[in-house]
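J.: Given next are the chains, with one letter for each unit.
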Amino acid sequence: MSPDVCPPGASDLTYPRGVEAMEQVYRYRRASSVETVEGRPDVRLATSGGWTPEGLADHPRFFDGFLGHAEQAAAALLAVARVARTRFFVPPGMLAAILRAADPVVTSNGDRLRFESFSACCGVYVRLDLLPGALDGPALGTGTTNVDMNPPMRQALAAIVGDQALHLAVGEDVTVTTADAAVTEARVPLPERWLKGFAEVQGAGASMRPVLQASAAEARRFLRALPRGSGGRAPVLWAASAGNGLRLTARPDRAGGTVCLAGPERLRFLEPLLRFASGLRAYAPATAEPSRPAASIWELQLADARVSVTLSPEVSRGFSGEGGVLRDLADDTGARDADLVSAVLAFEPRIDVVRLAEETGMSPDRVLTALGRLGAAGRVGFDAHESAWFHRELPYDGAALDAMHPRLRDARALAGAGAVRPVDDAYVVRSGGDAEYLVHLGPAGSRCTCPWYGKHRGDRGPCKHVLAAELVRRG
Amino acid sequence: MVDLLRGQARHEEEPRDLAERQERLVRAMAHDDAEAVVRLLAGLGEADRRALSRPVLAARQSRLVGRSATTAALLGTLPGLREVRREFAWGRVDPAAADAVATVLRDRAPRWLDGLAEALAGGQASPTENFLFLRRLVRAGVLAVPDVPEYVLGMVGGLLDVDRAAAPEGALESAVRSDPGLIEGELWTLLHTERSGRFLSNHDAWAARGVEGPRGLYPARPDLAWLHVILALVADGTYRRDAVLDVAVEASLRDWAAVDIPWFVQLHDALAPTVDELAERQGRYGALLAAPAGASVHLGLRSLSTLLDAGRLDVDALLSGARATLLRQEKGTVERALRLLAAAATAHPEHAGAVASVVATATEHPRADVRELVGRLLTRLGSTPPDGVEPFAAGGITVAVHGGPPRREPAAAVVPVADADELAELLAHLIEEADDPAEVERALEGLARLAGHRPRVGADALARRAARQSASTIVGGWADVRRPLAIGAVYWLAPPPATPMPITDAASLQARRRQPHVMAGSPPEDARPRTLPAMISGRWWEVMGHMIKGGGPMLALPTTTDGRLSLDALLSRLDGLGPGVGGQPFDMVQAFLRLSPEDRRSLVDRIGPDALRGARADGGLAALATLGDLQPRWRRHCADSRAPWGGVAAGVVTWSDEAAYRGTLQPLSSVLDRSAVWETAGYEVREGEGSARPEQAMALWTLVLPHEPDLLASHAHPALHAALETSKTGTGPVLLAIGASARPLGAPSCSALLLGLAARAGTARAIAADAVVDAATGGVLDGRVLGNELGALLRDGHVRPARLVAGLREAARGAGAAASVVLDALVAALPEAPGRRETASYLELLGDLATAAGRQVTMPAELAAAPRSSAVGRAVRRIPSTG
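Listed in order, the protein sequences are those of chains A and B. Going by my numbering, the first sequence opens with residue 1018, and the numbers climb by one from there. Going by my numbering, the second sequence opens with residue 149, and the numbers climb by one from there.
These are calculated hints, taken from the structure and not from any lab test. Ideal Cβ positions, reconstructed from N, Cα and C, are used throughout, including at glycine. Check each hint, because a few of them may be wrong.
What follows is a set of in silico ranges between Cβ atoms, one per label pair, in the way DEER data are often shown [to be verified]: (1) B:Gly459 / A:Arg1367: 41 to 47 Å; (2) B:Arg259 / A:Pro1439: 37 to 43 Å; (3) B:Ala560 / A:Pro1070: 53 to 59 Å; (4) A:Gly1449 / B:Ala798: 33 to 39 Å; (5) B:Ala561 / A:Ala1430: 54 to 60 Å; (6) B:Arg948 / A:Arg1372: 55 to 61 Å.
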């Protein structure tokens, strides 16, 4: 995708400089619906704008066939929709703000369908993977789009019972659409931090490794026993193995045998799915300091499907400010690598890094760095179960996503303005008028005396002063 | 109206210019002359309106304006929705202004009109506030019916514009019927709108029971309930009965929060559907069994049960959803579903096999009673649990009993800050998040020792930030550690105060309080005496005074992160003070408390009490010698205690030490005087309220008393009592410190652990379970002592036994040693178990643990005699017993 082209749904984005939200316009040919046809549930998901291998499409059509496990599929789709319209954390002072949910995103990777959504608080990401065994055949096409999940449709999904196959259409054939069908249009303001978090959450997944596994019965026991509400300042808890099950603990295992579970109530939306679960797997970052709060992935294993939930390190903390990719983004060679890698992607369900390295002539490490960069721009996702990236292009303005790194932008400005000067073993960075901050760069982690670093230390990526010092050191 | 008003305007002189128009507009607002406002705004262009918006806002802010005229003026001049949202964020818009506003908006036709309803209904104010106003704009044809849920939700509480207590009989129904379009439009939409259930339920609860209001008790008014209105509309045929019944059933099926379901279930039941009506919908009742909300499941079970009794049950409808019901946790719901399945199998023997297959789903239920019932049913149905169904033997504890103990991490060494740069960096972090008490101690020691040094760069920026932070309203109270740290940073980096003061000089204290950055601090006098906060505040003020006098080394910095101080380190520091240099009283006491009791005795032996008396700042420090030989005699109290603002904290458990130090020397009395703890307990219960970071303050407590877990527990009891009812008390660090103790835990510590297990917040209970696991694996927790306290808490009746039992189960799952301790405790407290609502679950846990441990329990006669068919009797039978 060239950076100056936006998908159709995003072509109406208004994103004036300095405004912290852009307006996403969803245009559906008709509302999504659930009907009963010949005794079977018939789910028709309307699509709004998106990418296909052939380019942009107003109403892409990805699938028309049968899904196994109707009740499970319906409940899983509802879970995805529920996350999109949930604010798991309400900051003090924000009382009754209206929540306008962004519609879920669906990606067809050919052999599987992936439904993604992101909570309004930017702290919970969920993805439903309908695996090849769930589909009665390959998809009609590949690509990414938004799908309409309107209230009547959710009501109809909630009423689906039984294990018979369910007919699913993602998009519809233009030729069978009645001529007088009106396009339904919804305008949803999407805050910058929401868009950025949705894109960046993939980077959190890329460093994860499986740590805990529980059987179906233990998964049910554990998830149902989770505290109902902990609030923004509640102590962060971890999950640990206890016999053949899991338990919550306040003491993380320094050897990495525990998984951070900040705001455990945020997993309770999975409850309606527990009756279908065959197991639960939890992932933690392989490289994070085990005693610090960290993002985690909770994967509920279903019949021919998986629901993966990525939780932010703290309830009050979204993914938008994690800054995990800032150093990669600061490296200009990475931009060229990312362009090269993106040119050979084709909505693969599992990106083969070795093949990409061969095709692009880059080392596998450089390919991985480029994929991380693409992830931050919303152009690839990460599947922790497969431990692999997959191709999908979020149907939002890619150029805008790329620009949403104010820390990096500020760091470049500081470095360019000569605000960084070396002193002995450190750097002094002048910023915000006459304020000066001392920056220590070191292999064990860089440090700064600024308020941002003081608050977050190394937990949320480097501050702009550290980035600026690194840019100056690099030259 | 516009034409009419313009007609009137022709008789008046048109304003000569915008300035005159502005003046007359403001005057019209002051006289609440809405008609004049309408006239003055009529026909204006957007540029003129924008120009007028500023004076209109200014006039509005003066509050000397009438409501209708102001509303019309604002909506006639504000440039966009952002400004409308801001101006109407909290206030109710008077419905009486609707006519004038309708005229103004019709004339203006602003581009943002479509968003007005969302701005007014979805702001910070309750949706109820502006319903009537918006509804009148809709009826005037200015607005289309708003497509935002908050609009119809606002109707629930906003349709009646009169004092409810004084409303005439049937006023709500009259209001509905008198508003054309409302019945087919907004009201019908309301019944299909998410979150309507909670609004309707809250409203009708008041109507049914009355409510305490600012002017006394509002009496019950069942005629003002929405349920009453809907039933009336059904009764006279305005609404079709079958359509309303469908609404009730389908709402229970929707993907809505559980809180939104009960009102619709109530509606369903109030309609009292006939068997025919139930039978028509039995597919949906079957689907309800798989719904997430318990109320939906109960509706499904009840309806299908009625159909079974009437011989009209479609067993397939029951089986389609029953598997999901049987995977729920609630014992009563699952038992009810099992009984319905059993009855269905009896009535329809041809389905026995399919029923058995579904019944087997509940084999994994956590409650032994349910598992036993499943076993009986399967036997009756001629079946056994199928392969692949995982049994839930011994409540999931079996394996944990044999699990190894978790690693206990040794405490890390505390290294003093190296220089002013490091101290600045440390303070920059701590004034934002004081999340590590050992780091706070490092900062305190660094401030005293490096008082005369400055960081290389950034001193001014840090001082400014610290000054802002110390004055911030977000950072508040003694219980927020960030504030004294910020004050410390200001003292360190800003120019020193003109008059250094001794810490004990009350006049100087008063003088210093007049300085803005000190106003935010809390001198020890502000803290309640004989509490750890008094000790901590005293130390902080002592360090501040020490800094002003030039600073110097302090004694009390712990050598390890758990708060302990080695004797060698203290001796070295005492040598460093030099002869004749007085130590600081709070610092000295704290240093002593951080020595182990053995080291305290050694120190006194080596330097002698006389040396203490002679060389240090306060002769009373000789009492420190007594710290080497503390022999507390703990006594438990459970009583009501006087609380702030005339309140009473009921049933606060406190621990007094009958051998406590009873002197008046503040550093010692703060920590050691536990002689009349009940006097201030009620106040201490409320201390943590309003603090943004109570857990950070209580983490400091753990470093005050690293060797006396019982004394620490005694101090923490009021906070633990508060945690029974509120989520925000920050007791976690204290519980973990008690659990990590290397010394045997006495009764106060055991009582603290149990209160933690019964806390309201699930996170606090998880931490308490950790502490029990730690203490048990560390070999310092005696199950019998724990059992005695468990019995006492059960006897007092101020904790929720269900939480206690669940907490003990979680602790038992944590490690084998913990399971063993919990078993001992349950056995010891067994005499207190009978006659309580949770006796059965208590006995189930006891049975699980005793079975896993292969241990026989002697049952009290009262329990042994429990009827065999009762839940208690069944639980007793499952316990391997000798009695």
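J.: A separate judgement is required for each hint: does it hold in the structure or not?
T.: Now for the hints, and whether the structure bears them out:
no., hint, in the structure
1, B:Gly459 / A:Arg1367: 41 to 47 Å, "violated (56 Å)"
2, B:Arg259 / A:Pro1439: 37 to 43 Å, "violated (55 Å)"
3, B:Ala560 / A:Pro1070: 53 to 59 Å, "holds (55 Å)"
4, A:Gly1449 / B:Ala798: 33 to 39 Å, "violated (52 Å)"
5, B:Ala561 / A:Ala1430: 54 to 60 Å, "violated (42 Å)"
6, B:Arg948 / A:Arg1372: 55 to 61 Å, "holds (59 Å)"
Checked against the numbered hints given earlier, this structure breaks hints 1, 2, 4 and 5; the rest are met.
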